[in-house]
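Participant: What follows is the residue order along each chain.
Number of protein chains: 2
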Amino acid sequence: MKKNQISIKDIARLSGVSVATVSRVINENGRFSEETRQKVNEVIQKYQYETNSIAKSLRMSKSQTIGVLVPDINNEFFSVIVQKVESFFFKQGYSTIICNTAKDAEKEREYLKTLDGKMVDGLVCISGQEELSAELLKRPIPIVCIDRRPKINTNVAFIESNHYEGGFLATEELINKGCKEILLLTKQNNLSSVNERLYGYKDALQKHGLYPSEDRLVAVRNDGPTLETAQAAIERVLEKKLRFDGIFATNDWLALGALLALQKYGVQVPGEVKIVGFDNDTISQYCNPPLTTIEQDKETLADHACNMLLRMLNGEKIEREQHYSVPVRLIQRSTT
Amino acid sequence: MKKNQISIKDIARLSGVSVATVSRVINENGRFSEETRQKVNEVIQKYQYETNSIAKSLRMSKSQTIGVLVPDINNEFFSVIVQKVESFFFKQGYSTIICNTAKDAEKEREYLKTLDGKMVDGLVCISGQEELSAELLKRPIPIVCIDRRPKINTNVAFIESNHYEGGFLATEELINKGCKEILLLTKQNNLSSVNERLYGYKDALQKHGLYPSEDRLVAVRNDGPTLETAQAAIERVLEKKLRFDGIFATNDWLALGALLALQKYGVQVPGEVKIVGFDNDTISQYCNPPLTTIEQDKETLADHACNMLLRMLNGEKIEREQHYSVPVRLIQRSTT
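Protein chains in written order, with numbering that gives the first Met the number 0: chain A, 0 to 335; chain B, 0 to 335.
Each hint should be verified, as a subset may be incorrect.
Where chains are identical, the list cannot tell them apart; a pair therefore holds if satisfied intra-copy or between any two copies.
[Claimed, not checked] Pairs of lysine to any residue, SDA-like flavour, derived with a Cα cap of 25 Å:
id	residue 1	residue 2
1	Lys176	Asn306
2	Lys186	Val236
3	Lys45	Phe243
4	Lys137	Ser32
5	Lys112	Leu329
6	Lys90	Gln128
7	Lys8	Tyr264
8	Lys316	Asn189
9	Lys83	Lys186
10	Lys206	Ala231
11	Lys239	Asp214
12	Lys316	Ala231
13	Lys8	Asp202
14	Lys112	Thr35
15	Lys8	Asp103
16	Lys61	Ser14
17	Lys90	Gln205
18	Lys38	Asp115
19	Lys201	Pro70
20	Lys186	Lys201
21	Lys38	Asp302
22	Lys239	Pro289
23	Lys186	Ala232
24	Lys112	Gly92
25	Lys112	Gln82
26	Lys8	Glu105
27	Lys179	Arg147
28	Lys179	Gln267
Hints were generated in silico from the structure; no laboratory data involved.
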């Protein structure tokens, strides 16, 4: 092995322990057995010269921990991304600590402070808030945001699905299948991700000579169980006898709620009303009938976020206002 | 307000900040604004005498953080419990940091060390391992285990569903509906929770004069996607033309995999084969047809675990081998 070519991974492999353990031995930080310490130090001594660069990259101030802020671990889109982040960073010798903010602004602030206190080296932030404030994000550590646009961009990278394209594709699918009066079913919030889906919806209507109308915009409260709230909202629409032949729901649980309401009122899906959801959650595949939906590519989103954060953790300078947009795709099933 | 009666909650309420913030101000630990510090200290000064007891209960060595080890945040049973734990402890002034161990023994060891390093005051442990080793659990902090039986019980409380009762109820439901040849569909592991369900299955058969047979025990590999693995396993059983008229699946994803295999082969459910799952995951309610299943009471499980841990955190001595068993119930739907 040549000078300077040995990495922490090599040391881990050669001593038969994990990267995280090597890091702890070098930093004399945390628990490890005497046997482990000897094994690791033997390998390090064997490649004496290179040790300095390792020690440098693992300077004492690093905790080899990253923090993840997530609005709701019981939401499949988030939980799958968080899993992938954990898995990626564990292989890189980092532990991931996850904080569930329950979409609550106070909790989000508290948990950011908790993570500060736990000295995390970097942060993956999936905010439950409409906008991430400057105060929250002006931390002296690398931060990557997923799916929620930060107000400011200093030292923050931002990765999201192409929500506009998703809204456009969903609406155009309904139009292509003959719908002319398309409800938009969404939650009462002002998240950038949801707003982009709305712009896509409006532009697709316009492209095909249709127009959005105020009474076809159904925005349900954001504080209850999504499915039940959506079902009740569509039942109210049916009772008001508002005419519609398609529903674009901005997530799959809203879509399923709408489907249940229509079935309860004997409205044929997709015969009389067609539905497109969003996210391609597992439920969309196995409900009855399976939902046509827009797939967000969780794999690529997590991958971009992790690689970006790792580059920043390794001291690479990332330009301001870095923004990745990941393509979505239409999954055609039985509701269109 | 009488002497010694003021609590940290009262201080939080009177100063209009959260319990966690009061804790940080008292301990001069973490971030808070000068304004917040003044507000809190005003309230504390107003009730001068009582401050000592607060300071004592919030001694500097406490981090007001608890750790949660969870095998898979993408499993609804776990993610709902973790959410409830977070919510409970946030109200008590604790932050919760969650570590996802991906059912991996090495990760579980690493994350226990990470949580040690982060100085958590207590631990909720839902292990992915068959048995929690003495080494892992002999920590000097209160620990509550959910759903996985620890090998040793020093300073550890253990809370689980009555899995035996669940296995018994599921099997008896199939027998009551006329099944005589009941497959057991499970994963290849040796978790105490799953073993108990098996004992329940065997005892219910025996009670009704039926007998378990080796070839009706289908144990699928534990390392792949549950649904697809179960579907493939039941397809193999169908190709071997093994006779059976009922399936007890030890979780809902196994049950859904079995349902899809039967539907693919044109076997009528529940006409020719009946199915009972386990957990009452959301998918069991919305798949087609909806699954009969055994509900685990996540609310009560989380509640017991949190109250137990809080009592230990507050210095109460909990007797050894404390063990709570939470009742389950049968949810009858359309597969029986």
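Participant: Check Lys8 against Asp202 for me: Cα-Cα at most 25 Å, and say if that holds within a copy, between copies, both or neither.
Facilitator: Neither, since 50 Å and 51 Å both go past 25 Å.
Participant: Within a copy, between copies, both or neither: where do Lys179 and Arg147 come within 25 Å Cα-Cα?
Facilitator: Result: close neither inside a copy nor across copies, 32 Å intra and 54 Å inter.
Participant: If the cut is 25 Å between Cα atoms, do Lys112 and Thr35 qualify within a copy, between copies, both or neither?
Facilitator: Result: close only across copies, 14 Å inter versus 34 Å intra.
Participant: Classify it for me, Lys137 with Ser32: is the Cα-Cα distance of at most 25 Å met within a copy, between copies, both or neither?
Facilitator: Classified as between; 16 Å across copies, 39 Å inside a copy.
Participant: Reference check for the pair Lys90 and Gln205, CA-CA at most 25 Å: within, between, both, or neither?
Facilitator: neither (48 Å within a copy, 48 Å between copies)
Participant: With 25 Å as the alpha-carbon cut-off, assign the pair Lys186 and Val236 to within, between, both or neither.
Facilitator: Only inside one copy: Lys186 and Val236 sit 15 Å apart there, 45 Å across copies, limit 25 Å.
Participant: From the Cα coordinates, with 25 Å as the cut-off, is the pair Lys90 and Gln128 best called within, between, both, or neither?
Facilitator: Answer is between; shortest inter-copy Cα gap is 20 Å, intra-copy 30 Å.
Participant: How do Lys316 and Ala231 come out at 25 Å by Cα distance, when the copy is not named: within, between, both, or neither?
Facilitator: neither (50 Å within a copy, 48 Å between copies)
Participant: Pop the pair Lys112 and Leu329 into one bin, within, between, both or neither, using alpha-carbon distances up to 25 Å.
Facilitator: neither (39 Å within a copy, 43 Å between copies)
Participant: Please work out whether the CA atoms of Lys112 and Gln82 approach to 25 Å or closer within one copy, between two copies, in both situations, or in neither?
Facilitator: both (23 Å within a copy, 19 Å between copies)
Participant: First find the shortest C-alpha distance between Lys316 and Asn189 inside one copy, then the shortest across copies, and answer within, between, both or neither for a cut-off of 25 Å.
Facilitator: neither (31 Å within a copy, 48 Å between copies)
Participant: Could you place Lys61 and Ser14 in one of the four classes (within, between, both, neither) given a Cα distance threshold of 25 Å?
Facilitator: For Lys61 and Ser14, only the intra-copy Cα distance (22 Å) is at most 25 Å; the inter-copy one is 36 Å.
Of the numbered hints listed earlier, those contradicted by the structure are 1, 3, 5, 7, 8, 10, 12, 13, 17, 19, 21, 22 and 27.
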